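Assemble chain B onto chain A, guided by the hints.
In the order they appear, the protein sequences are chains A and B. Okay, so the first sequence: first residue is 93 according to my numbering, each after it adds one. Okay, so the second sequence: first residue is 108 according to my numbering, each after it adds one.
The set of hints was computed from the structure by calculation and includes no laboratory data. Quick caveat: nothing in here was measured; it's all calculated off a predicted structure. Ideal placement from N, C-alpha and C gives every residue a C-beta, glycine not left out. Among the clues, some could well be false.
[What the hints assert, rightly or not] Here are some, though not all, of the chain B residues that point toward chain A, as calculated from beta-carbon distances under 8 Å:
id, residue
1, 151
2, 170
3, 175
4, 290
5, 365
6, 366
7, 481
8, 484
9, 488
[Stated by the list, open to error] Cross-link-like lysine-lysine pairs, in silico, PhoX-like; alpha carbons within 25 Å at most:
id, chain 1, residue 1, chain 2, residue 2
10, B, 147, A, 417
11, A, 385, A, 436
12, A, 404, B, 147
13, A, 405, B, 239
14, A, 404, A, 394
15, B, 373, A, 230
16, B, 519, A, 230
17, A, 436, A, 501
18, B, 147, A, 342
19, B, 526, B, 419
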Amino acid sequence: MTYQEFASRAMEYAEKTGCASSELYYANGESFEVNANAGEIDRYSVSREAGVSVRVSLNGREGYAYTERIDEPEKLVDHAADNARCIESDDEHPMQTRQTYQAVTRADSALKHMTESERIALAKRLEEVCLAMDPRVKRVVYCTAGFDSGAVVMENSLGLHAERSTNSSYLYVMPSVEDGAELQTGFAFRMGADAADAEGCAKEAVEDALGKLGASPVDSGCYRVLLKPYAVSDLLSAFSPMFSADEAQKGCSLLAGKEGEAIASCLITVWDDPFDPVAPRAFDGEGTPCVKKAVIENGVLKTLLHNLKTAKKAGVQSTGNASRKSAASAVSVAPTVFRLEAGKHGYADLLQALGSGLVITELEGLHAGVDAVSGDFSLKAAGFLVENGALVRPVSNITVAGNFVSLMKDVIALGSDLRFGMPQGGYFGSPSILVSGLKVAGN
Amino acid sequence: MILKETAHAVLREAQKSGADYAELFLEDNESTRIEMIDGKVESANYARISGAGVRILLGTQSAYAYCADIDEQSLLETARAAAAALGEAKFAPNGEIQLTLTRFTTPVKQRFDTIGNAERVEVMRTGARVMKSASSEVTQALVRYLDQVQRVTIVNTDGVFVTDERPRTRIFLQAVAMNGTEAQTGFEGPGCCRGFETYRDIIDVEAHAIVAANMAVTMLHAPECPAGNLPVVIDGGFGGVIFHEACGHSLEATAVGRNNSVFCGKLNTRIAADCVSAVDDGTLPGEWGSINVDDEGGTPQRNLLIENGILKGYLIDKLGSRRMNMPSTGSSRRQGYMFAPTSRMTNTFICAGADDDEEMIFGMAEGLYAKKMGGGSVNPPTGEFNFSVAEGYWVKNGKIVSPVRGATLIGKGSEVLLKIDRVGRNMWMSPGMCGSLSGSVPTNVGQPRIRVSGMTIGGKGGAIE
Numbered sequence: 093m094t095y096q097e098f099a100s101r102a103m104e105y106a107e108k109t110g111c112a113s114s115e116l117y118y119a120n121g122e123s124f125e126v127n128a129n130a131g132e133i134d135r136y137s138v139s140r141e142a143g144v145s146v147r148v149s150l151n152g153r154e155g156y157a158y159t160e161r162i163d164e165p166e167k168l169v170d171h172a173a174d175n176a177r178c179i180e181s182d183d184e185h186p187m188q189t190r191q192t193y194q195a196v197t198r199a200d201s202a203l204k205h206m207t208e209s210e211r212i213a214l215a216k217r218l219e220e221v222c223l224a225m226d227p228r229v230k231r232v233v234y235c236t237a238g239f240d241s242g243a244v245v246m247e248n249s250l251g252l253h254a255e256r257s258t259n260s261s262y263l264y265v266m267p268s269v270e271d272g273a274e275l276q277t278g279f280a281f282r283m284g285a286d287a288a289d290a291e292g293c294a295k296e297a298v299e300d301a302l303g304k305l306g307a308s309p310v311d312s313g314c315y316r317v318l319l320k321p322y323a324v325s326d327l328l329s330a331f332s333p334m335f336s337a338d339e340a341q342k343g344c345s346l347l348a349g350k351e352g353e354a355i356a357s358c359l360i361t362v363w364d365d366p367f368d369p370v371a372p373r374a375f376d377g378e379g380t381p382c383v384k385k386a387v388i389e390n391g392v393l394k395t396l397l398h399n400l401k402t403a404k405k406a407g408v409q410s411t412g413n414a415s416r417k418s419a420a421s422a423v424s425v426a427p428t429v430f431r432l433e434a435g436k437h438g439y440a441d442l443l444q445a446l447g448s449g450l451v452i453t454e455l456e457g458l459h460a461g462v463d464a465v466s467g468d469f470s471l472k473a474a475g476f477l478v479e480n481g482a483l484v485r486p487v488s489n490i491t492v493a494g495n496f497v498s499l500m501k502d503v504i505a506l507g508s509d510l511r512f513g514m515p516q517g518g519y520f521g522s523p524s525i526l527v528s529g530l531k532v533a534g535n
Numbered sequence: 108m109i110l111k112e113t114a115h116a117v118l119r120e121a122q123k124s125g126a127d128y129a130e131l132f133l134e135d136n137e138s139t140r141i142e143m144i145d146g147k148v149e150s151a152n153y154a155r156i157s158g159a160g161v162r163i164l165l166g167t168q169s170a171y172a173y174c175a176d177i178d179e180q181s182l183l184e185t186a187r188a189a190a191a192a193l194g195e196a197k198f199a200p201n202g203e204i205q206l207t208l209t210r211f212t213t214p215v216k217q218r219f220d221t222i223g224n225a226e227r228v229e230v231m232r233t234g235a236r237v238m239k240s241a242s243s244e245v246t247q248a249l250v251r252y253l254d255q256v257q258r259v260t261i262v263n264t265d266g267v268f269v270t271d272e273r274p275r276t277r278i279f280l281q282a283v284a285m286n287g288t289e290a291q292t293g294f295e296g297p298g299c300c301r302g303f304e305t306y307r308d309i310i311d312v313e314a315h316a317i318v319a320a321n322m323a324v325t326m327l328h329a330p331e332c333p334a335g336n337l338p339v340v341i342d343g344g345f346g347g348v349i350f351h352e353a354c355g356h357s358l359e360a361t362a363v364g365r366n367n368s369v370f371c372g373k374l375n376t377r378i379a380a381d382c383v384s385a386v387d388d389g390t391l392p393g394e395w396g397s398i399n400v401d402d403e404g405g406t407p408q409r410n411l412l413i414e415n416g417i418l419k420g421y422l423i424d425k426l427g428s429r430r431m432n433m434p435s436t437g438s439s440r441r442q443g444y445m446f447a448p449t450s451r452m453t454n455t456f457i458c459a460g461a462d463d464d465e466e467m468i469f470g471m472a473e474g475l476y477a478k479k480m481g482g483g484s485v486n487p488p489t490g491e492f493n494f495s496v497a498e499g500y501w502v503k504n505g506k507i508v509s510p511v512r513g514a515t516l517i518g519k520g521s522e523v524l525l526k527i528d529r530v531g532r533n534m535w536m537s538p539g540m541c542g543s544l545s546g547s548v549p550t551n552v553g554q555p556r557i558r559v560s561g562m563t564i565g566g567k568g569g570a571i572e
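Bound conformation, chain B alone:
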């Protein structure tokens, strides 16, 4: 725990070249990663990431310096390194900054430092066993386990002085199905912002393992997906990655504040179909993307992004707020001390709608049902996105006729949002890691099942009869 006096001295040192704002971020992050192949533990690694970052702002200019050493001398040097970016001082703020400590914690029933590797391995073994026994075609089961506790202290010249403890755990289950020359994979990766009790109370490892195994086997027998421009039904949960890529990144101040987003200047105008409402909510208890306090010490909130197709808000951090002249939304995040924070998503989802899940498929002449999405990416200035379909089915005359593999969906965020013509009633979320300027942060994506009236489907298959 850093002394208030030290923090104060570091902040004032950082402002010596005239910065109007300074911020100190300290991190101590302990993690355990274990990998199991075919039921045998293959590797185990412990890591303690520890260091500090100092950021200064002057208007919309920013500078960041970080260092792995956290003694007072190093912190002051780091502050000077950040201050050097602004060159000679004209005016440096001084006087006392009122700092009152607030401590945040995440409620945890079983702390990770009370758990031995044997208990972690037991959870993993269940996953491996269930995948392997699900089908004789599953030739390999891979399980990766992660738990970590990130302890942070954030102090700034606005008087923020907070500590937070952020436990997270995730299990990644991957099944490989093979027959001679071909191989296909299926996966699940549930995770929570909770303690080890997650595996007793929240995550049913067996159920996820079965889903992963079935997916690998189904895809092994799937023909290649045909290419074309057709309607696409995208399932709930990780299907929300479409919204994350097609829209979410383009609503971040990182893009909007620099005029690099298709959604600049579109507040209170229509950017999506009537049936679409969407939210980013960092306050949901225990969710993978949730935060107690953001990485500038701000308060996370439920941010309404789109209401009935009308753009209602952006995701804004402190620097973005200065650029955009709008209040910050508790959306500042970073991977750790090696990154200056910026506007990011937390738990982002399309809200439940009024449509029937089954009707979306019955009512489709020909198209793709994307049951499970893989990853994707977007170029925010143009809004062009791409993502892969990990488990897809071809639909003809309202019926699923075959699983299909190797599909990719591409398009422009601004166009796809307007083409959503169905939104189902049951919303759920799935965890992922989102990479951007401030590193890789845990986020949830989510949505109910939705339908898009037309999208470019990439694939190398012929027509499916």
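Next up, chain A with everything else stripped away, as it sits in the complex:
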């Protein structure tokens, strides 16, 4: 059965069984990934996938069902209707009608026009460059190049029709370095148009690893801290549910009802920018046209992020932040491309402003050591000890603890070095930030 047949039969059947409206979300894609190890292809994966989700509205309630077998559309609609029947929440969840969208073009990413053997050669070169860079580089833990492409088609019985295609390229490596009995690992990645930059990626990763040699904890205490971009973007990502109107309406966000209030240092402006070239898109997971907006402007919370359901409940317009993590997931709320606006200071300036304290380059354990409800975090960290504006030595095996909301208030200065973290279900970017104090556990 073709997908088109499946879609029209599903929508017809939904109407016949009394559904007020029905919607289909179809996603397909192809992927390629290769991991090099000791000059050989160590892991290699290619795929072709497709799946369709049907969402129905029955007696004011909505139900979902998803399948990867493009057959028996009636059975899928029955599953969705069954699910709609057990919903008890009274929240209305409207479907989007036909819209016109801004033309958005996503640039071809670096691996798109490469042949398979060129992609394999890229992964192998990444490993070679790492190994050649310094005799202390003994091996790579992983060394991966990949390319994904895909398309999404949304249509519903209210006339919505939205389509997009995407492609993404990535390259990442973790070299391990040894010096005597000491072992350290480093990491770097490249994505999009930069994903063929094996040399830059290798250099950054090896420098990261070498920079950690000789690291040890510092004494426990409160330190002034300069958080590098990846550390901040990881925190932004982990605490992004705070900005969701859905979490706020469930009573799970400290930012509920704070629109218009100062919640952060006046230096802080945070953008939700769906048109950012890093991952531009014209419509959200419900087919609502995307819009660029400041979420925090000069410290003031301007808006929470809404989909059609939360907007209806709050009596506002959707902000175009409906999200579907995958075709199999229900509609939720998430940022599009979320970034903290960069400041003017260079790294040397920021070190001077830090004076004595810590530079934190990376945070670990973000899936466990953060509480998006309370804003608290306590995370394993690594970086450098700084005295009088100069790096003294690398630091590891410490934790930094604080609260995200307090942290946003304690920002003293912003760097000019905006960078996006490795995408893990979302795009989060930040410059370095200097904060007045974080609690550190070490010796």
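Structure of chain B alone, referenced to chain A:
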């Protein structure tokens, strides 16, 4: 059910570029997820994941291709896509592979496809009601329910031809306690590899709901945990996540076979204190992390990892076995057809020891009692791990003086294992989802109550009097 002839043709197609091993994995996975907020069903979703993966090996090189279509034509194309990784053929195996079908099933009293949403919702409602009524400070009760049946067929050129049916269900209970500006959460997430009878025979939803609610309320009144390097008592059950992160991942062939583990070359040497023995056992009936057959068609077993502090074994899959020149241990797992399998844990635990639970706390001058752990992660090459303490208590002069929130424990696996100085007598396990190269798989972690003589405790609190 795939025809033997089709499977045979797919395997031989996959070997055309010279692979010495080929394997076909077919999956048909149906799941139902329901979410309830404050006693009202908020969302319900059904999903059917279905597809196939073909893997080939040539020595220690591997390639994997997968596809959502499972007709013969697509399977052959997928086989060709995997074979393409090795380029031109020099020699391709042929001849008949002897395939004899073996069917595995998990004993189930109430199949999920005989259960309506109303019955699922009833179980959830009990959890929500009990959490909400446990305390007026519980402002929100969230319940998530999952059941799924994963049906797999595994065929390979070693003559494996098996099917397995794997039912699993889990209920996640989360209570949020709030007072004005602060919010804290408590949670429980019991699960089994059984049918819906789980909620009648095994899991007491009310009891778990009370634990979740009490945890949220206790933490709401807890000061921040102080930071420092002190002794830590870690309770049984989910406390086993320390072993899972600090040691388990570093014993997987994924790390060991590539020389990326601190435990490489350490077999039969001391890696832990005398009082520590540990096991990974995929054969325990009905447990969340159990498997009837592993994802390469291998037989799961009870794998002794550490005996009285001495390293006795690793967790090895087929590819790892080739790299390490050791037999596989029935430890090959994957989330589904979108992942090539690799060495993973099943039910992993520190075995019961000889120490008294109460004495561990009485005998402590100052430190942390971590009653319930949150999640964590590890960097296997260095063994550095971190995990969060979801419910902690500060101990002074042998007495619990206050609950504490926001604690994190960090360290190096190789060091912490040697610092375990007490192992209690009563071992139990808790379920979790473990993420690694081959996706997210259900695993149990477990241990009796243990004590570590010193660990770095992260937190932002001041001294507790």
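Quick rundown of the hints versus the structure:
| no. | hint | verdict |
| --- | --- | --- |
| 1 | 151 | 4 Å, holds |
| 2 | 170 | 4 Å, holds |
| 3 | 175 | 5 Å, holds |
| 4 | 290 | 5 Å, holds |
| 5 | 365 | 7 Å, holds |
| 6 | 366 | 7 Å, holds |
| 7 | 481 | 5 Å, holds |
| 8 | 484 | 5 Å, holds |
| 9 | 488 | 5 Å, holds |
| 10 | B:147 <-> A:417 | 23 Å, holds |
| 11 | A:385 <-> A:436 | 21 Å, holds |
| 12 | A:404 <-> B:147 | 19 Å, holds |
| 13 | A:405 <-> B:239 | 24 Å, holds |
| 14 | A:404 <-> A:394 | 18 Å, holds |
| 15 | B:373 <-> A:230 | 20 Å, holds |
| 16 | B:519 <-> A:230 | 21 Å, holds |
| 17 | A:436 <-> A:501 | 19 Å, holds |
| 18 | B:147 <-> A:342 | 12 Å, holds |
| 19 | B:526 <-> B:419 | 19 Å, holds |
The structure is consistent with each of the numbered hints, conforming to all of them.
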